[in-house]
Each structure stands twice: as C-alpha cells, then as structure tokens.
Amino acid sequence: MALLKRFDPPAFFTDFDDIRGQREAWHEYVSHAFDEAIASERPKLRAGETVQFYNPAKDDHGAGIDMAITWNAFPKELLRAYGRARALVIADRDRSVLTEYCEWHVERDPETGAIVRVTFTSEPPEYWEAMYGGPLAYDQAGKKTVKFPGSPREVLRRYQELVSPHVQAHDLLADGTYDPLNKWNSTHGIMHLSASPNSLTAEIQLGADATIAYRNARGEVLVEPEPLICCAAFGGTDRNSDPTIGATVNALARLGAMITLANPVGLYMDHIDLTGWSAPKGVEIEDCVRVVRGDARKRMIERLVVEVPRKSAFTVSDLTIAGAPVAFGGQIAECITVKLVGTASALGSVNNAPSACGSRCCVDPAHFVALGEPIPNDTPAPAGTVVAFALEGGEPAPHDVARAAGAGHLGALRGHRLASRERIV
Amino acid sequence: MTHPAVALSAAPVEPVLELDDIQGIAVPGFFKPHQTLLGLRVPVGANAAGNFKALVRALAVEVTDGRRTLLDRRSYRDERHKTQTRHRIESDVVLVALAFSNGGLLQLTPGAAAIDSEAFQLGMAARSKFLGDPADPHAEGHPSRWVVGGTGAELDALLIVAGDHRDTVTARADVLAHAVAAHEIELAYREDGDVREDPDRGHEHFGFDDGVSQPGIRGRGSDAPNDFITSRRVAPTEIPASWLFGYPGQDLVWPGEFVLGYPATSPDPLMPGPPSRSVPHWTRNGSFLVFRRLRQDVGLFWRTMRELAASLTERPGFTGLTADALAARLVGRWHSGAPFNRTPGGDVPELGGDRHANNYFTFDADTPPVVRVNGTPDPFPALMAKADPAGITCPWAAHIRKVNTRDAGSDMGARDSTYARRLLRVGITFGKSLADRFAHLKDDPDKGNRGLMFLSIQSSIEDQFEFLSARWINDDARPKAGGHDMLVGQNAATPDGVRRCTLFGAGLQEERVTADRQWVIPTGGGYFFVPSMSALREVLAR
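Chains as they are written, first to last, in our numbering: chain Z, 1 to 425; chain S, 1 to 542.
Treat the hints with care, as some may be off.
Said to hold, decoys possible - Quick list of simulated restraints, FRET-style, between CB atoms:
{"hint": "1", "chain 1": "S", "residue 1": "D136", "chain 2": "Z", "residue 2": "G219", "range": "55 to 61 Å"}
{"hint": "2", "chain 1": "Z", "residue 1": "R218", "chain 2": "S", "residue 2": "G111", "range": "48 to 54 Å"}
{"hint": "3", "chain 1": "S", "residue 1": "D227", "chain 2": "Z", "residue 2": "D66", "range": "18 to 24 Å"}
{"hint": "4", "chain 1": "Z", "residue 1": "S96", "chain 2": "S", "residue 2": "R537", "range": "39 to 45 Å"}
{"hint": "5", "chain 1": "S", "residue 1": "R166", "chain 2": "Z", "residue 2": "G219", "range": "51 to 57 Å"}
{"hint": "6", "chain 1": "Z", "residue 1": "L3", "chain 2": "S", "residue 2": "A435", "range": "56 to 62 Å"}
{"hint": "7", "chain 1": "S", "residue 1": "G353", "chain 2": "Z", "residue 2": "D66", "range": "34 to 40 Å"}
{"hint": "8", "chain 1": "S", "residue 1": "D516", "chain 2": "Z", "residue 2": "D287", "range": "21 to 27 Å"}
{"hint": "9", "chain 1": "S", "residue 1": "G111", "chain 2": "Z", "residue 2": "V116", "range": "36 to 42 Å"}
Said to hold, decoys possible - Rough simulated footprint, nothing fancy, chain S against chain Z, three-plus residues with beta-carbon under 8 Å:
{"hint": "10", "segment": "64–77"}
{"hint": "11", "segment": "96–110"}
{"hint": "12", "segment": "251–261"}
{"hint": "13", "segment": "272–283"}
{"hint": "14", "segment": "365–376"}
By construction, these hints were calculated from the structure, which means they are not laboratory data.
Bear in mind that the values here come from a model prediction, so they are computed numbers and not experimental data.
From the three backbone atoms N, C-alpha and C, an ideal C-beta is built for every residue, glycine too.
Okay, chain Z solo, but in the shape it has when bound (with noise of 0.2 Å):
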C-alpha cells in the first residue's frame, strides 16, 4: 500500500473544496494530529521499541486489514448510572452527556409535544471549526495549531441550510471566533459534535493509546476491555466506545501489528436498524428516515434526520419501534450504530513488552454499576470503594491493601493481590 497522498475531509465532504487551500490545511491538520498521537506514546516505551501507531501519510507499513469498530449510539454511561427509563428522559435534555460520538436534538411540537424531528450528528467539532476559518489546535495543551484559510460565509450558509433559516451570524460567535456551542449547536439545533469526550483529535489520540499493551501485577498480559481501560485510562471506562475501541486496537498491537486509521479519518454512523418499525397506514418508515450528510452507501452517515414526511398529518410519535411509541430521541439511538475504521498492518512486526498499569478503578461495592474515571496508582482510593478487576488488570496501591482489612472477599482478593506482587517483585 502506498503512501496516503491527503487525509481527505469525513465522509469525502466536498464543503472545502471551493475555499482556497482549505483541503490543504485539513490533511496539514490531521496529520500533525496523528504525529503529536505518535509522539505522545514515545515516552511510554522503552528504548528501541516501536510506537505501532503511524501515520499513513508518512509511513507505509504494507497492505492492511481494514476492521470497523462499532459500538452503539446510547450513552452507556447513563444506562449504568440511571437504567433506561431516566436515561432517556437525560438523554434528551442534555447534549453533554452523549458521549459515545454520537449526539441528537429532538425538537418537539409545542402544544401537543410530539417529537416532529430527531437530527443526529457524528461530525467532527474540528470539521466546522476548520470550516469557519483561523487557527486550530491539533494538540492536546491546544498550543500547536494549523490555520485555515476558512469561509464564515459558507458556515452560516450551511446553518441556515441544515439547522434554521434564522441562524444570525452572530448567533455563531463567542468573543469574535467560532463557537462550537453556539445556542443553534445546543439548546436550538444541531450542527455537529459538542460534547466534550466527542472530537476527531480524542479518537486519533485514543488509537494511538491504545496500541500499548500493559501487564498486570503477575505479569499477565490485560486483554479485557475494562480492565484494560482501567489500566491504561485512555477514555471513558463507562461507555461502549472507548473500552472497545481500546480493545480492540489493543488487540492487534499484540499481535505485533501497525496500525492507523483509514482515510478519510472521521467518526461515523454506520447504519440505523429499522427492523421492527412500525408507521401509521399510509406513511412508509423508509420516507421517515434521511441521510442529510455523509454516505449510507459507504455507511459512513455524518448527519441523519428522522422526521415523518410534511404532508402527513403525523409525527415521529406515532412511529413505534418494537410496538413501543416513540416518546424519546433515545429510542432512535439505540438503533443507531456508530463507527470508526482502524487499519492493521504488518502484522507480527513489532514486539514490544508491555507495560505496568498507571491506574485503576475504584468502585463502590455496595452499589457496584460503575466504574467511574480511573484513578492513577499513586492516588489513594476513595474512602468506601474497593478495586475493580483485582485479578486481571486493576493493581491495588499498597494503601489500599492496608484499608482492605474486613471487606470479606474483596478483601483477600486484594490480600492476594499483594501476595502475588511480592512474590514478582
């Protein structure tokens, strides 16, 4: 396989091709992206190894295997966190907590409260900011940026177009520069991806984390998505994403693989599943769901609306999945499956040793539904939590065996687990 000769835009967007070197600065942007991913793994190995994840503009590693990893589009954080019949309702209310690349706006008929339209995104933040024009950080301080020759013009077009004929080019700013939580991207509209964890920039760095293998206490080698995740906090432990995607790229790193992303580089929908759909007489579901931008063909969807056609005289309400109305944008999401595409390449190349863990996960075991944000091995546990995974990945402080006296099993797991650690070290 040769060279990649440009990172295109997601879904092979054609929005930039009339701004003069926009393209240019996109694949400019995405590759320092890919380079600051590769150089942020450097210090994690030892000298002479590889870091297994590469830029395909710069390196060529061979023919690969493309692998789409999917996951789906309701946030799994909330399902732990509330069960479903909350979750929804949260889901609605609140952009910020889908975080599984994948976010929607339900917009409601004032009077009776029927959903009339559901629009759900997988762009980028980066995509519209890039569009908009200026600098741009691809780094993580946000110190390292591109500049882009940008088109405000063409963004409000596109809000008009896409969100509401009443977008203001005003509505669009925060102190004289894009602002990707302006109200037609949160509390009036949709454009793109606004939820902190949902960028192009996490899941290249996200890729790049997860190609390093990590051992536990004896030795072992962690395969397990959570424990794994737990280890190495790459991304939210809680989601269905990112322990997958860890997990999955992780995989083929020990496998001694290359990897990287495949072009264009993107987060996408990779389908909707109408399968037990139901739609009042008269009204066909395939006329209530649409591909505004993106690709179905390709399953690469950016932006996807479900809306029952005007001239009936009904709403996405009266729609029923699995003879259940739909009362909730969530609904829809849960049909909804999401996707990037990773590349693995040369396969059995590399051989790097893994790594100890830098973190674990603390729980509470007298309501054990999350895991909660990994907390580094050096930063005692919470008062009341134990550690999840003692026996796979997640390495117990030596304060935290001291604490441990009392807790009935969880406590001689973590006796044991401090046996074993003798034993090794």
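Since the structure of chain Z is already known, use the hints to place chain S on it.
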C-alpha cells in the same frame, strides 16, 4: 495462572438460591431428552376465570421445584459417570413446569399489570417484526401463520413436561391434559420434543452439538460453602479461572440474570451488581420464559452450504473448502461441538465431546493453559485457540461469536454487556431426522416438519432474548462488524432481504458469503412468566 498460596475460600461469596421456591425449569433447568409442551387458552365464558384459577390450583402441586430438579440432575450425573452414557437407562422421573403469558396472568391477578416488561405485556406475536420475522402475511414465518401462539391465538399458559423416557412423559402429559379438559380450559397446542437418536444425540437437526456454550449460574443450594448449583471443574489453584468458570470456559453468571430478586451482573464478573428487579413482590424467584418454535429447513441449509463451498473453493485462499468446513465456520463449531478456533483444520470429535475442553477458548488473546479439577491439564495442548481479534480464523459472523463475544468487547462495551445477554437454554428438538441432509422438501416424508422448540430462561426478555435476536444476530455490524448470523438470522430483518458475512482465506483474502433465503423459520411461540412456587400457590391459585 496457578497460585497455590491462595485459598478457595477467598472466592466470591455466592448467594443461596431459594430452590424450594424457584421452579426447576429456571434453576437449574430441565435438561431432559424428552419433553411435551401443552399450550392452554382460557375460553370466553362466565366461569372461565374461575375455572382457570381452579386449574392452576390443581396444577400447582404438579410443578417441580428447583431443589428436586437439582437432586435429579446430580443423580443423573452420578449415573452418567458410572455408566459412561449420555442418557439414563432407568428413571421414571418426570418434571413439570407451568408458565403464563401476560394475558393469562392478568386473568389470575390484576397485579400482573405492574410487571415491568414491555415485551412481556405485548407478547411475542406483537413483537415478531422486531425479531426479524417477515412482515408479509403470506410468508411462513408471519405470526398469522404460526402453528402456535400466532396473532389472535396467543396462549394463556404453557405446561412443560420433561423426563428421561418418552412413554413416562407422554403418560404424565396425558394426565395433565385430562385435568385441563376437566376444568373446561382449551388445550390449544400439544407437541412432543425429543432428542435425536444416536449418533446425533444432543445435536440439533443441522447436525451440530447444541447447548455447548450454556452459561453456569452463580449460586448455592444451601449454606454449605461449596454447594454450588453449577459444578466447579477447574482446579481451585487456578485463579481467577476457577472463580470465573464452572467447566473451563463456562461463564459463571450472577443469578439475577435468570431469576428476579438476586444479584445481577456488574462490570467485574467477580463482584455482584444490584439485584434484578422483582415488581410486584410476588415475582421474586420468578423468571421469564421465551418459547419460540423454529422450523429448520435442513435440506436447504446443506444444499446452500454445498453450493457456497463449491463456489468459494475456486477462489484463492479457499482451496478444498467443503460444505462441512464452511458450515463449521459459520457456526463457530464443528459437528462434534469442537470449537473452530481450537481446531480450524478439521473436526476433532474427542475435543468436541470433552466438556472440560470444548468450551474453553477466547477470541482476543491466545488461550492460556488451564488445570482441571482432577489436577490434569487440558488434554489437547496442541489445540489451544490462538488470538483471533479480527475474525480471520473464526469469522465475527459465526453464530457463537454473534451471541457471546467472550473476552472481546462489543458494540455495547465490555464483558458485562455479554454476561447480561446470556440465556439459559432449556429447549429441545422436534421432528424426525432427515435421512439425506441435502434432500428437497418433495423428497422429505415429514415435509420439513423438524426443528427446535427453543426455550430460554432470563430475567429480561428485552435485554436478553430480544437483544440477542434483534440487535446482534440480525445486524451485520453488531456486536462487531463482520456480517449477519448465517445460521439462525432472519432475512426479513435486512434492508434488502439478503444476509451476508465476511470470511478470510488462507492468505487473508476477503470473500463475502450471501444468502437470500433462510433455513430457520419461526413457526410459533410466546413470552411467558415462570412464577415461583409460592406465587403459584398463594397469589395465582387463590
């Protein structure tokens, strides 16, 4: 994995299950070679509700609890160990279970309306489109054409009679049918299910050993520390394997996934999560039962395998591919039950028949060696599964990968997402074996009337049976991208009526396999609730 310094007493403390109150079909499950299903409908009439209640009162004493079922199971195991046979030679034990649909329960107690399950309330026929069944009313799988439980003909109750011999099961079913008639309740359905005769005993009609991946139930039958309902067959020194598995590779799942009111899955398999919800209170110790009558078109399946294999074998990387090898890839196991990724080169019947080895494999990493409870290692050390995260050896669309992702993540996240989908399968085959597996329907003396009476126990129809059917089996990108379940998937669930999946050749060549017809056709079923023994007596029969 061996840590001799660690005592077994440090294993997770598993709850004591109230086996005197749980029906035996739920825990530990009926796994008998002969079953008869009796489907009941309450006729419209002035005395119907009273008659139904009186019948339930009469039947309640016939129902077998979990304690008695477990004793029978253990006795069977002892006998099997002595005789080295898979079936009992002498036993007159007959086990009985009684379950109700939402319609049936509501006739016995209005409190049933509080059961928090949309699927149960609507019923299988109303949800069949979601399961991928055809929307065309002329199609065989449409609920208007089902032989049992179709639209407008939903059952109110289901009796399951199970035993070691056909004659004793039939005799007990006759007695129960007589009681049904005596109470003027309609016997709307009666059908026998029997395991196939040797050498296909335990194999479903396509020829594959069935139920090999059955999960184990965490829990004890008494306060005794080692009175586990699911036997532990991994050496205690193997930690965490001995705490994670019954037989090697047999996931131990917290009982709340199968019975209401007990701790369910948490993110860490060694730690319990909150209990499964039991509302109203009398649903505690109860379970949901899914019955789905699946006709299997054996001739179509094997003719298709033969045609596809013949086509693939012409392609680079697939030379010599046979119908059996292709089918094994699509199932994930060979006929004997031997896992494909332990022995990709061909079936090894000894491996398939060894319960200590036939379910021991992972997908995302090389499978580590394990010591069995008798101190011996896995007897097939040269056939340990190698890491296959991309589905190159065992395709991601293989049936066993579609319904159980094991150590790999899924579209729903990590391992607990798989544990929380597991079912206890307690069904059985029906119909006679097809002598020529390639035969066309016209040459089949039984006109294709054979298949599986699929029966499963779970605590959530939505999160377990329906999720597996609708979200994983029938979706080509879930739990991982790679295609549809080509074994049991439903074509009507796909946008263009075609199922497809990806296979890799010896040189990593990618080929697509497609099927525009399905060989597993739904022909009936229903969603039921299996109440506890006390709920039967004190709530439903009163």
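*Going back to the hint list, which numbers does this structure go against?*
3, 4 and 11
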